[in-house]
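Line by line, the protein sequences are chains A and B. Under this note's numbering, the letters of the first sequence match residues 1 to 357, in that order. Under this note's numbering, the letters of the second sequence match residues 1 to 357, in that order.
These are computed hints drawn from the structure, not numbers from a lab. Incorrect hints may appear among the rest.
Note that identical chains are pooled: a pair holds if it fits in a single copy or bridges any two copies.
Below are the DSSO-like pairs computed for lysine-lysine, each with C-alpha atoms no more than 27 Å apart in a straight line [claimed, not checked]:
{"id": "1", "residue 1": "111", "residue 2": "88"}
{"id": "2", "residue 1": "234", "residue 2": "191"}
{"id": "3", "residue 1": "97", "residue 2": "111"}
{"id": "4", "residue 1": "111", "residue 2": "51"}
{"id": "5", "residue 1": "140", "residue 2": "88"}
{"id": "6", "residue 1": "259", "residue 2": "140"}
{"id": "7", "residue 1": "270", "residue 2": "88"}
{"id": "8", "residue 1": "140", "residue 2": "51"}
{"id": "9", "residue 1": "153", "residue 2": "233"}
{"id": "10", "residue 1": "97", "residue 2": "259"}
{"id": "11", "residue 1": "97", "residue 2": "3"}
{"id": "12", "residue 1": "48", "residue 2": "3"}
{"id": "13", "residue 1": "153", "residue 2": "234"}
Each chain is listed here by its residues.
2 protein chains.
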Amino acid sequence: MLKRERMERIMRAAHQNQLLVTDPCAVFYLIGEWIYPGERFLGLLLRKEEKPVLIINSLFHAEEDDQIETVYYSDTDDITALLARYVKNDEILGVDKILPARFLIPMMERKIASGFELGSEAVDFTRAVKDEEEIALMRKSSDINDRAMALFKRLIHDGVTEREVAAQTMEIYRSLGAEGFSFEPIVAFGKNAADPHHMPDDTVIQEGDAVLFDVGCRYHGYCSDMTRTFFYKKGPTPEAERIYNLVRSANEEAEKMLKPGIPFCDVDKKARDIITEGGYGEYFTHRLGHFIGVEDHEYGDVSQANTRLSEAGNIHSIEPGIYFPEILGCRIEDLVLITEDGYEVLNRYPHDIEIIG
Amino acid sequence: MLKRERMERIMRAAHQNQLLVTDPCAVFYLIGEWIYPGERFLGLLLRKEEKPVLIINSLFHAEEDDQIETVYYSDTDDITALLARYVKNDEILGVDKILPARFLIPMMERKIASGFELGSEAVDFTRAVKDEEEIALMRKSSDINDRAMALFKRLIHDGVTEREVAAQTMEIYRSLGAEGFSFEPIVAFGKNAADPHHMPDDTVIQEGDAVLFDVGCRYHGYCSDMTRTFFYKKGPTPEAERIYNLVRSANEEAEKMLKPGIPFCDVDKKARDIITEGGYGEYFTHRLGHFIGVEDHEYGDVSQANTRLSEAGNIHSIEPGIYFPEILGCRIEDLVLITEDGYEVLNRYPHDIEIIG
Chain A
1 MLKRERMERI MRAAHQNQLL VTDPCAVFYL IGEWIYPGER FLGLLLRKEE
51 KPVLIINSLF HAEEDDQIET VYYSDTDDIT ALLARYVKND EILGVDKILP
101 ARFLIPMMER KIASGFELGS EAVDFTRAVK DEEEIALMRK SSDINDRAMA
151 LFKRLIHDGV TEREVAAQTM EIYRSLGAEG FSFEPIVAFG KNAADPHHMP
201 DDTVIQEGDA VLFDVGCRYH GYCSDMTRTF FYKKGPTPEA ERIYNLVRSA
251 NEEAEKMLKP GIPFCDVDKK ARDIITEGGY GEYFTHRLGH FIGVEDHEYG
301 DVSQANTRLS EAGNIHSIEP GIYFPEILGC RIEDLVLITE DGYEVLNRYP
351 HDIEIIG
Chain B
1 MLKRERMERI MRAAHQNQLL VTDPCAVFYL IGEWIYPGER FLGLLLRKEE
51 KPVLIINSLF HAEEDDQIET VYYSDTDDIT ALLARYVKND EILGVDKILP
101 ARFLIPMMER KIASGFELGS EAVDFTRAVK DEEEIALMRK SSDINDRAMA
151 LFKRLIHDGV TEREVAAQTM EIYRSLGAEG FSFEPIVAFG KNAADPHHMP
201 DDTVIQEGDA VLFDVGCRYH GYCSDMTRTF FYKKGPTPEA ERIYNLVRSA
251 NEEAEKMLKP GIPFCDVDKK ARDIITEGGY GEYFTHRLGH FIGVEDHEYG
301 DVSQANTRLS EAGNIHSIEP GIYFPEILGC RIEDLVLITE DGYEVLNRYP
351 HDIEIIG
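Bound-form chain A, shown alone:
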């Protein structure tokens, strides 16, 4: 079903009167259906004042919808000629940033539009401001993630490996009503937690290890993403405790300043300054956060480079971390929603130091 309000927001933001959306995530955002065309062409042509046109290979299927004209093609059809029937050739066409040259160059050679520009910023900016339906789904997805975290920590016992723990997470998510992962779960013990991109391996848990879970699920297509760092059977060493509390304070102080109109770089700086003043600045090696929605990483981030201002409806992560290569690592990540007058942390799982096992 066409999400008309979203389409209208996009066309108000677009610099073009016709826009070809081909990213399956953006198509899902607009029609509520996942269509994975693989190498085949999939396009949703948005047009000011006219019905959108969904162009889809007949191997796939979209629900019928009065608000959309759906055109099926077969593998032997000429996509460019088909597009030419719907694209106005005396106007500019905005195209998706991911549109591959194998589709774009034939459109240009046959001049199906008067010019071609990148058009997906209007989609990206619109997706970055979640509407009520999306906020409800994002809350639910993070609620499942909170409940899953409480179960994941119980999977840790003597002799278990990261891989064995990770292998049990899908079933827990499904039992809580999620469709699946929003990304492959990160389970990292001890010094493995010092690698922000560590993938679960055969490392066996040891007493005193940090246990980092960076995990997320999908609910009705919408992603969650949270990180917590526990300690196994023994509390942290004094240095690990100091690091944990710095990361926690970076997370919480950055969250506290959130509201519409704040430059994202200032939020990143707040967290970064806390960690730097604590003496660990060089070990916080990534941006503070990323946007999230129907994709785990969406357009927009909380980084030194992003001078844009936050808006009500933005949902992004706040995930400071400190990583001593080969020694120890700690990250605390929540998803946050910017509200009209402040913020809402979508994750309720506590930030306290927690000894498990």
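Assemble chain B onto chain A, guided by the hints.
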């Protein structure tokens, strides 16, 4: 290390004097290294009479090589300006068919070349004719696959599910020297074999079930892909036996006609006619084969639509199948190499009806 002979074959086939290769599989084919840039730009600029230039984000790394000029860039660099330093702006640039609009449109807007054309056919056609080094790796990859098949069938026992069997295949491949899968293995019991794209689920084996394995591994980057259909504890019903023998005959008769100069559509027709004459034509629902190499599915296929002629060095699958939805399915697939005077079947695992368990 630059595979100079491959690069020269590509530039002889190319319609342009400069060609920008961005597909990571094609880059691997040319330099022997896998670089997965994710959303970041990766390009190998091939130029007639000049050194190729590899443009790569500094988050990644390529081995030093005297034959290539390697240029690293950072996330804050302007890719278009960087490309403009190496691309001749008074000549056409051939671009990769997968190059996304977010890179291509800025190149066009800044006119870094006098024109832009799709250039990857020259790469695809070159990749479709394997050289000696590739043929040796493809033979080895299929040899591992043959030995793996003999072990996979032993995983079937009362009570086992498709998912449990599939979960053990990676370890077997690794123990035989493969790096991993060339695609997620298909393990299908009974009527699940009637869906050519079935993914392993919790179906438990039953006596009399067909057991279909469509599996492949990767060896030094090169893919194998084979299908065999066994029967569990009991031979096939008379109809299943008839179907099996038709599929086997379609496979073997199509293979026997292989040599350089045969139109691919004729090979597809040979197999299809046998199945049609046997009365099951409507249940053979896909093309007879696909090309394969550093990707499981490469450019080129054995289908009714492909009127091109086979050449020595082509490697593709021959995989007839018959699928009665919800009842039974059977497929027999080998990889074949076209030689100067005929063909070589890369898979040695027999085609006979085999009762396992």
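We went through each hint and held it up to the structure:
no.: 1; hint: 111 with 88; verdict: both (10 Å within a copy, 25 Å between copies)
no.: 2; hint: 234 with 191; verdict: within (16 Å within a copy, 52 Å between copies)
no.: 3; hint: 97 with 111; verdict: both (19 Å within a copy, 18 Å between copies)
no.: 4; hint: 111 with 51; verdict: within (22 Å within a copy, 35 Å between copies)
no.: 5; hint: 140 with 88; verdict: neither (42 Å within a copy, 53 Å between copies)
no.: 6; hint: 259 with 140; verdict: within (22 Å within a copy, 60 Å between copies)
no.: 7; hint: 270 with 88; verdict: neither (48 Å within a copy, 45 Å between copies)
no.: 8; hint: 140 with 51; verdict: neither (32 Å within a copy, 55 Å between copies)
no.: 9; hint: 153 with 233; verdict: within (12 Å within a copy, 43 Å between copies)
no.: 10; hint: 97 with 259; verdict: neither (30 Å within a copy, 43 Å between copies)
no.: 11; hint: 97 with 3; verdict: within (21 Å within a copy, 32 Å between copies)
no.: 12; hint: 48 with 3; verdict: within (15 Å within a copy, 50 Å between copies)
no.: 13; hint: 153 with 234; verdict: within (14 Å within a copy, 46 Å between copies)
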